[in-house]
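As given, the protein sequences belong to chains A and B, one line each in that order.
Once you know that position 137 of the first sequence is 137 in my numbering, the rest is easy, because the numbers rise by one and skip nothing.
If you count the second sequence from 1, you need to add 583 to reach my numbering.
No lab work stands behind these hints: they were computed from the structure.
Here the structure is a predicted model, which means the values were calculated and not measured.
Don't take every hint at face value.
Simulated restraints, written as ranges between beta carbons of each label pair [stated by the list, open to error]:
#1 B/E644 <-> A/A457: 26 to 36 angstroms
#2 A/L59 <-> B/Q962: 24 to 34 angstroms
#3 B/M617 <-> A/Q157: 57 to 67 angstroms
#4 A/Q157 <-> B/D810: 49 to 59 angstroms
Okay, the calculated bits of chain B under chain A, using three or more residues with CB under 8 angstroms as the criterion [as the list claims (entries may be wrong)]:
#5 688-698
#6 751-763
#7 824-830
Counterexamples of contact, computed for chain B against chain A with all Cβ distances above 12 angstroms [as the list claims (entries may be wrong)]:
#8 E772
#9 E905
#10 N952
#11 L998
#12 P1036
#13 F1085
#14 D1116
Think of the CB as a built atom: it goes at the ideal place given N, C-alpha and C, for glycine as much as any other residue.
2 protein chains.
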Amino acid sequence: MHRTHNCGELRLQNKGEKVILSGWVQRVRDKGGMLWVDLRDRYGITQLIFQEGQTSEDLLEKARKLGREFVIKAEGEVTERYAKNDKMPTGDIEIVVENLTVLNAAKTPPFTIEDDTDGGEELRMQYRYLDLRRNAVREKLQLRHKLMQATRRYMDQQNFLEVETPVLIKSTPEGARDFVVPSRVHDGEFYALPQSPQTFKQLLMVSGFDKYFQIVKCFRDEDLRADRQPEFTQIDCEMSFVEQEDVLNTFEGMMKFLFKEVKGVDLIDFERMTYAEAMRLYGSDKPDLRFGMPFIDISDLTKGKGFNVFEQSEVVLAINAEGCADYTRKQLDALTDFVKRPQIGAKGLVYVKCNEDGSIKSSVDKFYNQDDLKAWAEQANAKPGDLLLVLSGDLDHTRKCMNELRLKMGSDLGLRDKNTYKPLWVVDFPLLEWDEDTKRFHAMHHPFTSPKPEDEALIETDPGKVRANAYDMVINGVEIGGGSIRIHDRELQSKMFKALGFTPEEAQKQFGFLLDAFEYGAPPHGGVAFGFDRLCAMFGGSDSIRDYIAFPKNNAGRDVMIDSPATISEEQLKELHIAVNKK
Amino acid sequence: MHRTHNCGELRLQNKGEKVILSGWVQRVRDKGGMLWVDLRDRYGITQLIFQEGQTSEDLLEKARKLGREFVIKAEGEVTERYAKNDKMPTGDIEIVVENLTVLNAAKTPPFTIEDDTDGGEELRMQYRYLDLRRNAVREKLQLRHKLMQATRRYMDQQNFLEVETPVLIKSTPEGARDFVVPSRVHDGEFYALPQSPQTFKQLLMVSGFDKYFQIVKCFRDEDLRADRQPEFTQIDCEMSFVEQEDVLNTFEGMMKFLFKEVKGVDLIDFERMTYAEAMRLYGSDKPDLRFGMPFIDISDLTKGKGFNVFEQSEVVLAINAEGCADYTRKQLDALTDFVKRPQIGAKGLVYVKCNEDGSIKSSVDKFYNQDDLKAWAEQANAKPGDLLLVLSGDLDHTRKCMNELRLKMGSDLGLRDKNTYKPLWVVDFPLLEWDEDTKRFHAMHHPFTSPKPEDEALIETDPGKVRANAYDMVINGVEIGGGSIRIHDRELQSKMFKALGFTPEEAQKQFGFLLDAFEYGAPPHGGVAFGFDRLCAMFGGSDSIRDYIAFPKNNAGRDVMIDSPATISEEQLKELHIAVNKK
């Protein structure tokens, strides 16, 4: 037998019991004839003790040879500690060891197995199996486990059926690049890995499955950014005979359930905001609502005073940084530098200080008198002590810059508390977006997303104005998931394809079997998909999804631990009827 | 709103309520001024009624135009039926329809959406989304859903962590053929899809995860048989600091939990049987224990009587078919034909009838007298009225043939009841098996499987005799899963590689990073993997795993619904640095 207890469970009440523990040697202290070993496993750490005079010489010698990360089995008696440690759950007891077995020796790890390790990212990824030994890392994956189980519990309670859709499917020209898999049996043909189970979940609705979900791996062969992985996990859901409100309520319920189950947090009711409103007030389709600071349009108040920058701007926007009138020159310069960084690209920043004495000081005093500036302050609801920050330019770009500035101010002012959660549904996304490159409209969500009924007529006359039954779930400025109510009407679908510039033949070629399926009685349906890796990161209070993946790939899509991808044998290539064309 | 209730929940107690239902038209009956529509969804069927004189002319006309599989919404009042149908849960009520909306028309399906459909396999696979509408098919996937959720509940309760291992990994020369995925970024290199997460789960044990599980897709590019799929699902598990007994108990517990939760069945305690015993008694490493009929070795009793067939046989085996002494000539001929079929390949069958009057009649009376035959009967514990069936030849082949004959007799005699479950652990599998082609030993389970301690010395002297800490779970003759305790000792692992004919360099090349990981403190560990598709089929009482997969591939590995695999564009090939070499 390897253990009677794990390393996290013994307490004072176990005093006197003979126990067997197994685990890894966290550290050894040898001092004044006493030798302590911290024994670690997934569940905790328990202190072992060996003592000159009491412990046999053989045993002492064996214990003195233990190194970090040795795997050992220790038998002994639970005793009360002389010096208790109230920082660890097992801190009241220690084990007086009577028998010690080295189950496996260990080489010295390339970095320390501690919460604060001395290992760099590269090294830790190469030895990911050692990195995963660190509590801080393993706890992230335990959180992931909890979220998975809780998600399934909720979905099961709500009568959703988990259905596994295929991984070996077919490449389609729409969307991102597919990973493909050459077929050995059908030479010259390829499977593709799914970017999402979108088609299959819609087919399951045609099949009458009514409510479907799956926690599923998806694949995109895209150039990677820091927070992207070529394989990622999605909570994928679809429901029949629903309207948008049903979907929003179901998944607002899911998120509240997850927060309660996993974090013990009662999540507040979700705010609803249209895409147009989110863009107008926050310049973002995923606003962080933990703080206010909405955009104020002061365009009208700034015209006709001879300040050319504003005169030539499509829009002049302000935000009110409350209580910041005492910002120094240096602080204001830093903000100006921030918005002028190439990633943001504003031309400059105008400030308006509403001093405590009622006077106003701005960087455009040359053009605007106190009354002018007071009108701005009034529009922005600014009080003495507040600071207005003003950006101008064309509408889209100014909103983008102001969004960045607002988020920075929120962070600087400590308004983005990690333990406060402000959830939100952004609704009424545009159905189509114009693509300057191809000079045609693209589906913002996907070609099966339905327009809002009241906007249907606009599809043929003013496609860019059509709003969709599409929605995103946003928490604290992070897009957690999104979805739409799908088109189930044949005629409307044809109009949509026409707006997207497809001929009926092209539509049939690209979406053939789904359109065929729709001929046999498709119910009204809609769904949503959540980025599970991101959800885990959000729950863990981290920005990095990679920390929440057991064996992630690096930014070049490489697994440095197993050294993949790699070459394969000539025989394999031959069997698969392919040849490599190296650059 | 599309519905206030689903089609399976209304009862007499809802009488008088105004309700809205949505679903598919199962059938329409129009008779004597009455029109009934059976409305179907996932939850059941509810009868709608329209009546001349009461229902408006418009509404009646609309209802008369409904076709099979139309998707409709009906509003009306719940009333008590005149002619109740106690075969359906909603059979006491019907809905007097006041409002009808056709949500979607439907073309006539290519086969009937009924439990007994008129559609052939080919057609149903092509229109799988319609096949899935059939109750009998959907119920199989609902069973799968239940099994998945219950499995996770048990594993979670037992402190197992669900960890997702990567799908894009690296090709290894061991095992079956890999599916590979060309890398666009790293030209000339490939990912591979996992045949199982074996390596990763062992790494997770090195990481101290202690208990791991995953319900995971695996991939094998093998020539397909009827019950194989290129992608299949596995319940994959691994535990640290365990001995074989711990693993067997944990997963015996899982299976009992699943039977109780999903089928309401109290599964009996698992029998344990060594591989050697299973082969000796039943000629199979997955014996069906719902009935006895063990093999009896009568070799010694048959020698020296001048019957050349037996004289020249390595072994003579009998089974006792109780109460079958009255088998006719025709029945016995049929059994002889059965064992002589090419798939089985016995040369002939000897029978011995133990007549009720105490006399014995056999097909070898020419060589054996009544006393000889009585000795056989005694050995086989046969009573008057029983029939002995005897096969002979070399040991392995005779066992194989007798196994088939025993199973056939069990089926013919009605001894293999679908609702009786006889679970079993087969233990002590051989560690190595000799491969005549390559003239070397192969690992029967895999190269990390540990030998039984008492057999360790034999590895270097008589490798074929070494028994492993390997086990299979067998229920009713079906292998549900299997696993082993792994080697965690470096020196033992070297011996194992040597027995497998690897040089240390070859071992390092093939299993490098796992061997490296083992240097840093690997705990004793072991695990098991269950074929989830087969488990579902067994729970459903079916032999076909394909029925339990939502979108299966055919025997040629093709998805005929989406027509995959398929060619990809020249541009894709170019981006992936590969070219197709057609045969």
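Evaluated hints:
1. B/E644 and A/A457 have their C-beta atoms about 29 angstroms apart, which keeps the hinted 26 to 36 angstroms range intact.
2. One distance hint, 24 to 34 angstroms for the beta-carbon pair A/L59 and B/Q962, is violated here, with the actual separation near 58 angstroms.
3. For the hinted restraint 57 to 67 angstroms between B/M617 and A/Q157, the CB-CB distance of approximately 40 angstroms leaves it violated.
4. Look at A/Q157 against B/D810: about 34 angstroms separates their beta carbons, and that is not inside 49 to 59 angstroms.
5. Counting residues of the segment 688-698 of chain B whose CB lies closer than 8 angstroms to any CB of chain A gives 4, so the stated coverage by that chain holds, three being the minimum.
6. Look at the segment 751-763 of chain B against chain A: 9 of its residues bring a Cβ nearer than 8 angstroms to a Cβ of that chain, three or more, so the hint holds.
7. Given as covered by chain A, the segment 824-830 of chain B passes the check, having 3 residues with a CB less than 8 angstroms from a CB of that chain where 3 are the minimum.
8. Its closest Cβ contact with chain A, about 4 angstroms, brings B/E772 to no more than 12 angstroms, contrary to its assignment away from the interface.
9. At roughly 44 angstroms, the least C-beta separation between B/E905 and chain A is larger than 12 angstroms, which holds for a residue marked as non-interface.
10. Residue placement check: B/N952 keeps its beta carbon more than 12 angstroms from all beta carbons of chain A (closest about 58 angstroms).
11. Listed as a non-interface residue, B/L998 keeps its Cβ farther than 12 angstroms from every Cβ of chain A; the least gap is roughly 35 angstroms.
12. Non-interface call for B/P1036 relative to chain A: holds, since the shortest CB-CB distance, roughly 14 angstroms, exceeds 12 angstroms.
13. Here B/F1085 stays apart from chain A, with its beta-carbon at least about 18 angstroms from theirs, past the 12 angstroms limit.
14. The Cβ of B/D1116 does not lie farther than 12 angstroms from every Cβ of chain A; its closest approach is about 10 angstroms, which violates its non-interface assignment.
In this structure, the hints that do not hold are numbers 2, 3, 4, 8, 14, in rising order.
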